[in-house]
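Visitor: Let the hints inform the model, and build the full structure from the sequences given.
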Amino acid sequence: MIPSAFDYEAPATVAEALTLLADDSREVKVLAGGQSLLPVLKLRMADPELVVSLQQIDELRGVRMEDQTLVIGAMTRHADVAREPLIGAHAPLLARAAAEIADPQVRHRGTIGGAVVHADPASDMPATLCALEAQMQVVGPSGQRTVPAAEFFEDFFTTVVEEDELLTAIRVPSYDDWGIGYEKFTRVAQQWPIVSVAAMVRLEGGSIAEARVALGNMDTVPVRAAGVEAALSGAAPTQEAVAAACASAAEGTNPTEDLNGDATYRRHLATVLARRAVLAAVADAGA
Amino acid sequence: MTVTEEHAPEIGKARARKEDARLITGRSRYTDNMVLPGMLHLAMVRSPLARARITSIDTSAARSAPGVVRVLTGKDLTGEQGSMPNAWPVTEDQKAPPHPAVAEETVNFAGEIVAVVIARSPAAARDAVELVDVDYEPLTPVVDLATAARDEELIYPELGTNHSATWVFDSAEAGTGGDIKEAISAAEIVVERTFRQQRLIPAFMEPRSTVVDPTGEQLTVWSATQIPHILRVMLALTLGIPESKLRVIAPDVGGGFGGKLQVTPEEVITVLAARHTGKPCKYTETRSETMVGAHHGRDQIQTLRISAKADGTVTGLDVHLVANMGAYLGLITSGIPILGAFMYNGIYKFPAYRFECTNVFTNQVWTDAYRGAGRPEATFAIERMMDELATELGMDPIEVREKNWIQHDEFPFATVSSLEYDSGNYEAATAKALELFGYDELRAEQTRRRESGDVVQLGIGVSTFTEMCGLAPSRVLGALSYAAGGWEHAQVRVLPTGKVEVVTGVSPHGQGHVTSWSQIVADRLGVAFEDVEVLHGDTQVSQRGLDTYGSRSLAVGGMAVVAAADKVIEKAKVVAAHLLEAATDDIEFSGGQFTVRGTDQGVGFGDVAFAVFAAHDLPDGFEPSLDSDATYDPENFSFPHGTHLAAMEVDTETGQVRVRKYVCVDDVGNVINPMIVDGQVHGGLAQGIAQALFEEAVYDDSGTLLTGSFTEYLVPSAPDLPSFTTDRTVTPSTTNALGVKGVGEAGTIASTPAIVNGVLDAIRQFGVSDVEMPCSPSRVWHAIQAARVGSGAGTGHTGTGGEEARR
Amino acid sequence: MQLEHHFEVPASRAETWARFNDLEQVVPCFPGASLTEVDGDEFTGSVKVKLGPISLQYNGSGRYVERDEAAGRIVIEASGKDRRGNGNAGATVTAVLTEAGEGTAVEVVTEMDIGGKPAQFGRGMIQSISNKMLDKFLACIREKMTDSA
Amino acid sequence: MASRTITLTVDGVSYTDDVEPRLLLVQYLREVLGKTGTLVGCDTTNCGACTVLVDGESIKSCTMLAVEADGHEVTTIEGLATDGQLHPLQKAFNECHALQCGFCTSGMIMQSVSLLAENSRPTDQEVREGLEGNLCRCTGYQNIVAAVQQAAGEGAAR
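As given, the protein sequences belong to chains A, B, C and D, one line each in that order. The opening residue of the first sequence carries number 1 in the numbering used here; numbering runs sequentially from there. The opening residue of the second sequence carries number 1 in the numbering used here; numbering runs sequentially from there. The opening residue of the third sequence carries number 1 in the numbering used here; numbering runs sequentially from there. The opening residue of the fourth sequence carries number 1 in the numbering used here; numbering runs sequentially from there.
None of these hints come from the bench; they were simulated from the model. One or more of the hints may lead you astray.
[Unchecked claim] Cβ-Cβ distance ranges computed for the label pairs, FRET-style:
{"hint": "1", "chain 1": "C", "residue 1": "25", "chain 2": "A", "residue 2": "230", "range": "44 to 52 Å"}
{"hint": "2", "chain 1": "B", "residue 1": "91", "chain 2": "C", "residue 2": "25", "range": "57 to 65 Å"}
{"hint": "3", "chain 1": "B", "residue 1": "120", "chain 2": "A", "residue 2": "22", "range": "47 to 55 Å"}
[As the list claims (entries may be wrong)] Pairs of lysine-lysine, BS3-like flavour, derived with a Cα cap of 27 Å:
{"hint": "4", "chain 1": "D", "residue 1": "91", "chain 2": "B", "residue 2": "13"}
{"hint": "5", "chain 1": "C", "residue 1": "48", "chain 2": "C", "residue 2": "136"}
{"hint": "6", "chain 1": "B", "residue 1": "309", "chain 2": "B", "residue 2": "279"}
{"hint": "7", "chain 1": "B", "residue 1": "18", "chain 2": "D", "residue 2": "91"}
{"hint": "8", "chain 1": "B", "residue 1": "403", "chain 2": "B", "residue 2": "349"}
{"hint": "9", "chain 1": "C", "residue 1": "48", "chain 2": "C", "residue 2": "144"}
From the three backbone atoms N, C-alpha and C, an ideal C-beta is built for every residue, glycine too.
Guide: Listed below in structure tokens is the structure:
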């Protein structure tokens with residue numbers, strides 16, 4: 001319950017933060033909303049010498065539209081992502097998934113950037129951002145780079161963000177005419193999902209023109225169900241067609257096994273939840 | 001002096017609780033809130049290994065760390081710390097290893113304390129824990145219960161076995177029924193099933209905390225405990241402190257559920273730390289420490305055989321238990337399964353009964369009381385078996401129960417397990433429940449869903465339960481070798497102004513005794529509800545008591561309050577007679593007024609109280625006090641019962657289970673405060689449902705608790721539970737003057753089998769015959785798959801949690 | 001937790017045997033591991049596990065329990081404890097080398113045992129993580145033996 | 001490690017203190033300010049017993065550093081009653097018997113305040129979901145839901 005002692009800095013700008021991160025003489029941890037980091041510190045599974053809080057950096061907060069792209073500051077809280085009208089209008093899937101994260105208290109404090117960099121394969125944001133084909137804006141000593149969500153996550157709790165880098169913003173293309181579905185399967189409400197599925201479809205002329213389906217907790221990183229997406233493209237928005245397309249949802253996945261289910265069960269769940277999410281998305285798109 | 005208006009009765013009124021005022025405003029007094037001058041803080045070094053020999057402990061770095069006052073190891077406390085007490089040697093030859101508070105030579109479960117850091121701040125103590133360097137020589141842990149029972153690897157070689165004791169009840173030997181072997185050989189049908197009562201964690205919301213102040217004449221111990229009185233005796237016996245030098249206080253206690261019915265190593269250690277340092281010491285555990293270090297509940301393998309006639313009439317019941325003690329015997333670890341031994345026959349008329357239980361050690365934290373303690377296990381097993389019998393015979397589950405239950409006109413009824421049920425009406429409770437539930441409509445919906453092959457199937461679960469409450473007649477406890485009695489004590493103190501202080505020996509930790517006792521005394525003495533103050537939980541205030549557990553507080557403790565109040569009235573009548581210049585025999589008391597029979601002459605309770613205080617004009621030889629004590633020892637247990645019905649929806653694609661509707665009609669006898677009774681039922685249901693669907697303490701093969709936090713141990717939150725429909729029938733208990741039976745455990749005991757029966761009722765059609773608890777989506781789905789694949793019945797059995805974790 | 005691996009290297013059994021018996025080659029292959037001392041069949045060292053915010057450091061020792069060249073069987077046992085007392089970890093690696101054509105077939109059975117907080121709080125991930133670490137370890141060994149063959 | 005000076009408002013009173021960076025907000029409230037009405041039930045951000053409001057929104061004070069509260073306004077259960085009048089939720093929790101042992105109650109009430117601020121007339125299901133981050137072991141939640149609804153009906157979300 002009591003973390004190991006550490007020093008604390010709360011820089012006011014990204015530049016100052018990067019300077020602090022560049023200090024490799026001591027172990028540094030970045031504190032965003034802290035909803036994953038603080039439990040780890042309290043359990044003493046980590047003992048950084050310096051904690052750099054991003055809380056004072058205003059430029060990391062807020063949501064705006066740039067051309068047809070949503071730009072969401074990394075320090076935007078889940079509660080704000082869930083209720084921000086711009087996100088609701090242009091990327092409703094993101095708003096929906098954000099509203100499902102943990103519980104209200106955590107959503108009042110936790111941030112999208114923190115959740116993404118924490119890269120827990122079971123958390124709601126990574127798979128959702130993969131479905132949305134978001135672009136991650138990362139800044140470091142050698143400048144800024146933009147990484148597609150699909151390449152951002154490397155392993156359990158591991159992303160491409162280096163120790164001297166910061167995730168500053170997440171860019172999400174506009175999905176104005178898409179229907180969405182989000183399925184999160186848990187045994188009790190506050191549990192991490194056993195499997196989650198984020199889905200979007202765009203209908204055109206009575207059939208599915210495009211689909212995006214991403215799976216959470218089916219591997220050490222979020223997984224795009226490419227086979228399902230391909231099968232859905234051009235398919236009729238019917239129960240049968242969607243079910244047939246989603247039967248392959250678990251292909252190529254490598255789910256963790258734990259007390260909540262073995263791999264067989266999780267693979268099966270992925271197909272059921274994918275079908276339900278896609279059907280919800282189809283209904284949402286107005287089919 | 002004339003009679004004034006009558007009191008409206010307080011008993012039966014839904015009074016809002018007196019206790020709440022401080023709890024809703026944050027003025028609570030939980031143990032961890034306590035701060036004393038110069039207080040030191042403890043932190044524990046706990047073994048990460050489930051079984052090992054301690055080869056060395058280097059405390060030098062910790063001792064010299066900033067703020068650290070002392071570091072104690074088991075070796076430092078040898079001879080002084082004694083062995084943690086077990087108050088229930090169930091057999092004469094019961095085996096048990098010594099249980100030091102701080103491990104001395106070996107550790108026997110992961111989480112066992114190996115050293116204690118005492119420091120000036122909680123942070124300094126916690127920091128120094130990391131500096132204590134313990135070397136272990138690992139020994140082979142025995143985690144699986146069935147494996148342990150086979151005695152292949154002995155946890156305590158010096159005991160020669162992993163078996164602690166075997167306890168048997170046989171109705172033929174006891175003369176309470178026939179011979180089970182004969183019943184089975186003569187049976188037209190025998191149904192045998194094995195169930196696993198998974199290990200549960202009580203998960204009271206307040207982590208345990210103890211503060212000990214050694215300054216002054218007495219050693220004062222504040223502790224988050226259900227049992228301040230028992231703790232005082234046991235600390236005295238364990239540590240050799242004169243009982244008169246110990247004062248134990250249970251201030252606000254944040255739930256217990258049996259989990260705080262314990263004398264804990266942490267309490268002993270905090271006392272020793274205070275003794276070693278001469279300073280007040282505090283230890284508050286973290287939740288992760290609670291999970292690994294505080295006792296767990298349940299954890300039994302139950303094998304039952306029911307013999308019956310083809311028409312569904314039961315003829316015999318044979319029960320074999322293997323009960324997991326864990327690594328040590330705690331306060332009543334060994335007796336928990338025995339508490340269930342008398343309840344397996346439930347509400348049914350079994351002519352023959354045999355029960356055998358083997359208590360077995362494993363390398364896990366010990367088990368002990370958890371809400372219901374032995375009785376939920378028994379009720380689960382018999383209520384599951386009645387459904388199995390109904391299935392085998394193609395009968396409706398209600399029908400098979402009706403055929404075998406004790407009829408309302410057969411009470412009092414001597415059961416095959418030697419109890420005497422005083423009262424009950426199973427027909428009435430069941431009829432009311434069926435009506436509230438809409439049984440026939442739901443059965444019709446079930447059929448429709450089956451026929452249409454709906455993805456979501458409906459199941460109806462039935463549980464008609466009884467339990468034994470009001471622990472306990474002292475002579476019965478004596479016959480069962482329990483170390484203490486089952487009486488309860490109360491004192492009623494009359495203040496000069498006519499207001500009243502009630503001192504009770506029970507120790508509430510959420511049950512609302514202050515409110516209920518106020519209602520009882522208000523009626524008994526005719527004083528205002530607001531004018532009754534209830535004092536408890538401090539051995540210096542409440543000098544005698546046996547505390548709160550086993551739904552005993554009202555049926556035993558409440559009766560002691562009644563008896564003490566009645567003594568007050570008897571004393572007061574003498575004074576009233578004197579003041580009214582009448583004969584004592586002519587004085588009547590009602591509604592707070594003493595009147596002379598046949599006249600309108602009277603005097604109020606308050607006037608008598610003041611007259612006694614002033615003592616100016618009292619009858620000759622009258623001791624100037626109305627204060628009265630009473631100790632009440634119950635003649636018999638009380639037997640609440642009820643009918644619980646659950647409509648369960650099973651998503652056959654995912655295995656997800658949802659409680660669609662839950663109806664229960666409980667008969668807890670007379671009700672003091674219906675709002676409190678409903679609250680007890682709601683909370684009990686939540687815990688019973690949690691056992692059926694969510695909760696399980698799982699150790700891996702090495703003995704690490706994999707469900708060591710609330711992230712993994714799935715305590716349900718609000719969205720995981722439905723709204724319950726609760727109702728009552730009232731058949732007063734005839735064993736106590738209040739006519740009450742107890743309600744603390746009813747919901748927990750009854751609901752688990754109702755839920756599991758409902759889940760099975762939904763999916764039996766696919767060939768599923770059992771799903772191990774908790775009925776997780778994965779288990780339900782696998783059971784359906786296994787059955788559909790067709791290689792015999794699916795059971796949803798996954799072996800031990802450890803095996804599942806490994807897969 | 002028991003994990004099994006099988007691979008072949010294009011080196012002779014004798015060469016492979018020699019490399020498997022060279023701790024300086026074997027140990028650094030384990031992710032985060034470093035040797036501090038080698039003394040005959042015994043060694044001491046540490047393993048750092050870093051996963052996002054979680055960092056653990058196991059310090060400990062190990063030894064060759066069995067080296068049966070005729071049977072091609074090597075058993076290495078290692079155990080350690082986290083420097084902050086978070087838990088213990090132990091592994092017994094049994095490798096059996098058999099000739100397979102020009103090369104050598106290697107069967108590795110690893111019995112891993114991780115206790116304490118990483119198991120208690122890891123939501124089951126510790127199993128996958130250990131498995132991954134072992135995969136990396138054996139892939140590295142295989143690579144080394146292949147490179148030098 | 002160097003301590004830092006923080007200034008914050010708790011229950012309407014401004015405080016300035018030097019704190020260790022590692023000090024959790026809940027520990028600051030309990031141990032430094034003596035506001036023991038806010039309780040700690042777990043160490044993994046599950047139970048919600050420590051819920052307080054920061055700038056009017058609920059957070060778990062065991063999962064926020066005291067230094068992070070610098071410059072902010074914190075409301076605990078002890079600051080909820082105004083002018084000696086119980087908050088409608090406090091009153092409703094008593095009247096509906098929404099507490100037994102009381103250990104989850106501070107957090108449960110504070111979360112309910114935040115819930116009603118965001119949704120003044122929730123459905124029962126919305127109340128349940130709004131309380132998903134708070135564990136209660138005594139009540140089975142039924143009377144808690146009733147209490148929140150009673151308070152909502154009385155316009156608690158002023």
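Visitor: Could you work out which earlier hints the structure fails to respect and list their numbers in ascending sequence?
Guide: 3 and 6
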